[in-house]
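Participant: Residue strings, one per chain:
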Amino acid sequence: MSSIKIELRNEDVDFIKATCSKFNSDPQELINVLHSCQEHFGYLPAEVQEVVSGHLNVPVAKVYGVVTFYSFFTMTPKGKHPISICMGTACYVRGAEKVLEEFRKELKIQVGGTTSDNKFSLSSLRCVGACGLAPVVLVGDKTYGRVAPDDIKGILKEYEK
Amino acid sequence: MSKYSMHLLVCGGTGCHAAESDAIVCNLRDELEAKGLLDSVQVILTGCFGFCEKGPIVKVMPDNTFYVQVKPEDAQTIVEEHVIKGRKVNRLLYKDPLTKEAVSDSKHMVFYKKQMRIALRNCGFINPENIDEYIARDGYQALGKVLTEMSPEETIKLVKDSGQRGRGGGGFSTGLKWELARKNVSDEKYVVCNADEGDPGAFMDRSVLEGDPHSVLEAMAICGYSIGASDGLIYIRAEYPLAIERLKIAIGQAREYGLLGDNIFGTGFSFDITLRYGAGAFVCGEETALIHSMEGLRGEPTVKPPFPAESGYRNKPTNVNNVETFASIPAIILKGARWYSSIGTEKSKGTKVFALAGKINNVGLIEVPMGTTLREVIFEIGGGIRNVKKFKGVQTGGPSGGCLTEKHLDTPIDFDNLIAAGSMMGSGAMIVLDEDDCMVSMAKFFLEFTVEESCGKCAPCRIGNKRLHELLGQICEGKGSLADLDRLKNMSLVIKDTSLCGLGQTSPNPVLSMMDNFREEYVAHVTHKKCPAGQCKSLMEYIINLDNCVGCTACARVCPVNAITGERKEVHLINSATCIKCGACMEKCKFDAIYIS
Ligand SMILES: Cc1cc2nc3c(=O)[nH]c(=O)nc-3n(C[C@H](O)[C@H](O)[C@H](O)COP(=O)(O)O)c2cc1C
Ligand code: SF4
Ligand code: SF4
Ligand code: SF4
Ligand code: FES
Ligand code: FES
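Chains as they are written, first to last, in my numbering: chain A, 1 to 161; chain B, 1 to 597.
You may find that some hints are simply not true.
As the list claims (entries may be wrong) - Taking beta-carbon pairs under 7 Å as the criterion, some of the chain A residues facing chain B (in silico): (1) L30; (2) S71; (3) F72; (4) G88; (5) T89; (6) Y92; (7) C127; (8) G140; (9) T143.
Bear in mind the hints are in silico, worked out from the structure with no lab data behind them. Note that the Cβ used here is the ideal one computed from N, Cα and C, for glycine as well.
Starting from the given sequences, assemble the full structure and let the hints guide the process.
Facilitator: Put into structure tokens, the structure is as follows:
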């Protein structure tokens, strides 16, 4: 669990309320509500989960249970440029592990971590469906294909500004 | 389509999309506009052509010219040469790897020759964002036929007679499933399309949804009519933004045309479809877990029975089918059960889509009749192994399947043969492995996946798979023993027997089949502490070749643990006990004196 404490602003609470209402405050829509909230806030801190819990009338433990069950949801903020390395089978057999290792070395963070300047975060995911380009790396929305460990410095440079 | 004399089809599938196919479309349109040709030549962004390896693809119709690895800046040449002067752009044509000759149209490419496209019939041919193009290729005719000429029972009988078995992995008869759902009387029923596609290395369903979303919508409506449901739900992974976008567009257009919604074709039948999003959990592909996830809960499987056909979404009868299963239905309805059942093997009818990936030349999406052999798929359609390496095995069925080898190459692929060979069809991912792949590491990779994705509800899967993973890890590090191999096997069998859902029941399959087919390799790891494929880092040894070393000291200076000793201008030596196998020395040596054994 993240230890970050945040203070939700009034408009943030309003946003969550409006989102819940959009889904008729139906507890069955919990996952859709969480998707919208994560899109808005970038992550799902405990404070957001509490508000969601109140408005959907679902115990906060259950909301937490759902957030932690699904790997798409995260409770820690991502970096400005989130880096995801595909570790699907096709990418794995074409050397994704070495690519991941190189990112770890360059950024000096582990998978799931964020650099201290909040610029990059590192995560791995499974098959983005571009196996023809394996190994695949995503930085934000941009896809890089046929990535070799030697390319990594160059990729990171693109975002150095 | 008649207004245009020529069509430029640009692949908008995920692979090509990632390689800037959007920019190709823009440039082509700009070029055409500059030449005043926009009225006679149409540029269409399609779904995946299947030949992702050589993407981005541009296909020119009507002459079937197939351009590969097109760059945005090639647009000008294509328009000036091909469109205006009628001359094919030779440098962009696909070159046959054997003859080295340019192949001018897709019909003559080995990749396509052996394929037969039913589920993918429209992928790469139509603009998935335009319902008119789907309709022009007989789209929604099957729905019309069913609603106006056939009773639900007749429809179910036709699907049953076709012999189609579900493409989501289980291989259960589609018609039989519909019949069960029809028999359960209820005021509300649901049709669910399983688009969770969690198997890493599989992109069949995604490509269907991106390339031909209407075929799935149409089939869901047909299913709704057959079982007596008026609500459809598509459970799709949030990681598939392009597919989601295209589905949304397709649903909107179908509603506009009155093909979804109230009183379709004036027949009194109503049916509508909404989307539900997954959130990154492989186990949610299992149908009971999927249903719980759609209800806003943790996606944990529950014991069957009750089957979804009795009590599913909101405790109502629910029919769950896979994307590819649905995509074939309209073709089956229009062409008939006899046509479909004439394709394939005795117990597996029709065609199957496979995602070919790994160490193969033609990574891509293919559809072949059931009964095609692995050899045909890998060495003909797939173009053989990359970089002239030796074929080692092919993993079918993803993390639930097994690894087949040389001796299985001539086995006709169908549901039952794959199971008999110790693997399974699964969703259709085929990962080809070559001599450089270590079968212990591979098994460990799949178990890592299972451990991560296990929902944790039952102990054999939660704890057992973790233990399997640990054991494999130890073997990779040279800390295993022969007894560990027996332990792996026994534990695997227990996990298979006692797990609650399909995930645990199949998770030991990769390690079991790999131990079976590559026993020597496992033995080499535990008794000789050697990794024959040279993948396991801990079992590698960095050695300095005495003949090449000039004693420049570069390696010794870079070694982080001071494992290298030697005087200047004298031969250096690596102390393998201290060496952490970081590889830094090898990178540094300018005299190629350091090698790995
Ligand atoms: C762990 C697990 C994961 C599964 N993942 C999928 C999936 O991603 N897509 C799918 O269609 N079926 C998946 N299935 C199979 C479904 O449970 C179900 O059998 C299938 O959707 C039924 O459709 P079909 O009869 O058309 O194959 C999975 C099953 C298990 C046990
Ligand atoms: S077998 Fe694994 S995934 Fe399935 S219910 Fe048990 S713990 Fe969950
Ligand atoms: S870098 Fe190469 S040549 Fe130089 S001392 Fe090391 S092994 Fe010998
Ligand atoms: S591989 Fe790394 S640890 Fe081993 S000798 Fe070379 S530099 Fe040192
Ligand atoms: S495995 Fe990486 S894109 Fe498919
Ligand atoms: S994504 Fe373009 S051919 Fe597959």
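Participant: Evaluate each hint against the coordinates.
Facilitator: Going down the list of hints, with the structure as the test:
1. Look at L30 of chain A: its Cβ gets to within about 4 Å of chain B, closer than 7 Å, so that hint holds up.
2. A distance limit of 7 Å between C-beta atoms decides the matter here; for S71 of chain A the minimum to chain B is near 4 Å, and the interface restraint holds.
3. Contact between F72 of chain A and chain B, as hinted, is supported at the beta carbon level, the nearest pair being about 4 Å apart and thus within 7 Å.
4. A least Cβ separation of about 3 Å between G88 of chain A and chain B falls short of the 7 Å threshold, and the interface hint therefore holds.
5. A distance limit of 7 Å between C-beta atoms decides the matter here; for T89 of chain A the minimum to chain B is near 4 Å, and the interface restraint holds.
6. Among the interface hints, the one on Y92 of chain A holds; its C-beta lies about 6 Å from the nearest C-beta in chain B, closer than the 7 Å criterion.
7. For C127 of chain A, the interface hint holds, since its Cβ comes within 7 Å of a Cβ in chain B; the closest pair sits about 4 Å apart.
8. Given hint, G140 of chain A at the interface with chain B, is violated; its Cβ is 13 Å from that chain's nearest Cβ, farther than 7 Å.
9. Interface hint at T143 of chain A: satisfied, since its Cβ lies 4 Å from the closest Cβ of chain B, which is below the 7 Å cut-off.
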